[in-house]
Amino acid sequence: MTKHVLVYLGDHTYKEGAVTRVLGDLKLPYTILKDSDLSQKIGYLFSLDGFDKKEKDESLHIAYDLLLFRDLQDQDILAINALLDALDRKIQRKAMLTEHNKNWTFYELCLEIDKEHQYFDLMEQIKQILMSSKELIKENYTASSWEIYEKAFYHAYDCLKKESDFNTLRLAHQALVDAQQGLTKR
Numbered sequence: 002m003t004k005h006v007l008v009y010l011g012d013h014t015y016k017e018g019a020v021t022r023v024l025g026d027l028k029l030p031y032t033i034l035k036d037s038d039l040s041q042k043i044g045y046l047f048s049l050d051g052f053d054k055k056e057k058d059e060s061l062h063i064a065y066d067l068l069l070f071r072d073l074q075d076q077d078i079l080a081i082n083a084l085l086d087a088l089d090r091k092i093q094r095k096a097m098l099t100e101h102n103k104n105w106t107f108y109e110l111c112l113e114i115d116k117e118h119q120y121f122d123l124m125e126q127i128k129q130i131l132m133s134s135k136e137l138i139k140e141n142y143t144a145s146s147w148e149i150y151e152k153a154f155y156h157a158y159d160c161l162k163k164e165s166d167f168n169t170l171r172l173a174h175q176a177l178v179d180a181q182q183g184l185t186k187r
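Here the working numbering is used: the sequence shown runs in plain steps of one and ends on residue 187.
For the record, the hints were derived by calculation from the structure and aren't laboratory data. Mixed in with the good hints there might be a few duds.
Estimated spans, in silico, between C-beta atoms of each pair [what the hints assert, rightly or not]:
| no. | residue 1 | residue 2 | range |
| --- | --- | --- | --- |
| 1 | 151 | 75 | 23 to 29 Å |
| 2 | 88 | 141 | 18 to 24 Å |
| 3 | 141 | 33 | 54 to 60 Å |
| 4 | 15 | 146 | 26 to 32 Å |
| 5 | 119 | 27 | 26 to 32 Å |
| 6 | 158 | 49 | 39 to 45 Å |
| 7 | 137 | 79 | 35 to 41 Å |
| 8 | 49 | 169 | 14 to 20 Å |
| 9 | 80 | 151 | 42 to 48 Å |
Only pairs whose alpha carbons sit at most 25 Å apart, straight line, appear in this in silico DSS-like list of lysine-lysine [to be verified]:
| no. | residue 1 | residue 2 |
| --- | --- | --- |
| 10 | 4 | 91 |
| 11 | 152 | 103 |
| 12 | 28 | 95 |
| 13 | 57 | 35 |
Remember, predicted model here, so these are calculated numbers, not experimental data. Where a beta carbon is used, it is the ideal one built from N, C-alpha and C, also for glycine.
The task is simple: from the sequences and hints, build the whole structure.
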């Protein structure tokens with residue numbers, strides 16, 4: 002097993018000291034990536050056999066930070082998270098090296114992980130709205146506004162259960178927010 006962490010900080014370069022200290026303390030080898038590394042294949046960045054450096058560097062930049070792990074165990078990742086959290090330098094976007102993503106550029110991985118991050122963030126927002134609905138009392142609102150709200154509520158709940166695609170979830174979220182804001186008191 003060859004443990005290694007690729008670190009991309011984007012606009013969050015102020016986290017570099019904390020990240021290098023944490024990874025050093027955990028004795029985990031790491032590489033701090035630059036914008037010029039974003040166009041390289043992940044396999045190359047991890048020095049995997051069969052991957053060569055792409056000579057043409059593209060001018061790419063991603064604003065957010067991301068950690069990419071190779072052969073780390075759950076306890077390694079939990080330790081990294083806990084130590085970075087304790088230093089107030091949390092990095093939310095993380096991924097593991099896979100057979101599939103080793104052929105992607107780091108930039109492509111960043112975009113995919115960000116889509117997933119947005120998806121799960123949206124799911125969490127819907128869950129919070131649904132949970133806050135427990136405090137609403139049907140009798141306090143007009144029948145027509147409650148009917149619209151109830152329909153949006155059950156649709157959003159159904160989308161969560163089905164793990165609907167991002168656009169469907171986004172529309173359900175917006176309908177729920179609009180319906181909640183449209184509730185009219187009696």
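Okay, the hints, checked on the actual structure:
For the pair residue 151 and residue 75, the beta carbons lie near 41 Å from each other, so the given range of 23 to 29 Å is not met. Against the hinted window of 18 to 24 Å, the Cβ-Cβ separation of residue 88 and residue 141 comes to about 46 Å, which falls outside the hint. Range check, residue 141 to residue 33: about 55 Å between beta-carbon atoms, so the 54 to 60 Å window is met. Evaluation of the 26 to 32 Å hint for residue 15 and residue 146 yields a failure: the beta carbon distance comes to about 47 Å.
Between residue 119 and residue 27 the C-beta distance comes to about 29 Å, which sits within the given range of 26 to 32 Å. In this structure the hint that residue 158 and residue 49 lie 39 to 45 Å apart at CB holds, the actual value being about 43 Å. Distance hint for residue 137 and residue 79: a CB-CB separation of about 37 Å, consistent with the stated range 35 to 41 Å. A beta carbon spacing of about 37 Å between residue 49 and residue 169 contradicts the range 14 to 20 Å that was offered as a hint.
Judged by the Cβ atoms, the range 42 to 48 Å given for residue 80 and residue 151 holds: they are separated by roughly 45 Å. For the hint pairing residue 4 with residue 91, the CA-to-CA distance comes to about 21 Å; that is within 25 Å, so the pair holds. Note on residue 152 and residue 103: the hinted pairing is violated, with a Cα-Cα distance of about 44 Å set against a maximum of 25 Å. A threshold of 25 Å between alpha carbons decides the hint, and for residue 28 with residue 95 the separation of about 19 Å falls inside it, so the pair holds.
Taking the CA atoms of residue 57 and residue 35, the gap is near 15 Å; set against the 25 Å cutoff, the hint holds.
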